[in-house]
Amino acid sequence: MVLTMAAVAASKNIQVEKLQARVVTTIDESQPAWQSHFDVQIELDPGLGKRERIILFNSARRCEVHKLLSGEIGFDYHLNVGNAE
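Using the working numbering, count along the sequence shown one by one with no gaps and you end on 85.
Mixed in with the good hints, there may be bad ones.
Claimed, not checked - Below, a list of computed lysine-lysine pairs in the BS3-like style, where the Cα atoms sit at most 27 angstroms apart: (1) LYS50 - LYS67; (2) LYS50 - LYS18; (3) LYS67 - LYS18.
Claimed, not checked - Quick list of simulated restraints, FRET-style, between CB atoms: (4) ASP39 - ASP76: 21 to 31 angstroms; (5) LEU3 - ILE73: 13 to 23 angstroms; (6) LEU79 - GLN15: 46 to 56 angstroms.
Please keep in mind that the hints were generated in silico from the structure rather than gathered at the bench.
Here a beta-carbon is modelled for each residue, glycine too, at the ideal position from N, C-alpha and C.
Using the sequences provided together with the hints, build the complete structure.
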């Protein structure tokens, strides 16, 4: 997320001195399908203008990791041992 915001800042020529993200994860294991919640606190340079803050905030909300974790996730496991089929 921070890397995404830094890349966007660089591409938009936004000078950033402070760019931090803290993520607190809560996992509810009481349900048959575990539920995860991510509380994200983003801290930006106070010298940024409103437009720059919005650009960086939106880039964090649309980063690739967010896309992966916000949709339904499935797993397929395959074990291959030697040449066994």
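- Proposed proximity, LYS18 with LYS67 (alpha carbon, max 27 angstroms): holds (24 angstroms)
- Query: When you take the CB atoms of LEU79 and GLN15, is the distance between them in 46 to 56 angstroms?
  - Reply: Given range 46 to 56 angstroms: holds, Cβ gap about 51 angstroms.
- Message: LYS50 and LYS67 were given as a pair; does the straight-line alpha-carbon distance stay at or below 27 angstroms?
- Response: Satisfied, since the Cα-Cα distance of roughly 25 angstroms is no more than 27 angstroms.
- Consistency of beta-carbon spacing, ILE73 to LEU3, with hint 13 to 23 angstroms: Since LEU3 and ILE73 have Cβ atoms about 21 angstroms apart, the given range 13 to 23 angstroms holds.
- Query: Does the structure keep LYS50 and LYS18 at a Cα separation of 27 angstroms or less?
  - Reply: Measuring from Cα to Cα gives roughly 15 angstroms; hence the hint holds.
- Given a hinted range of 21 to 31 angstroms, is it respected by the beta-carbon distance of ASP39 and ASP76? Once the Cβ atoms are compared, 30 angstroms apart, the range 21 to 31 angstroms for ASP76 and ASP39 holds.
Going through the hint list in order, the structure satisfies each hint without exception.
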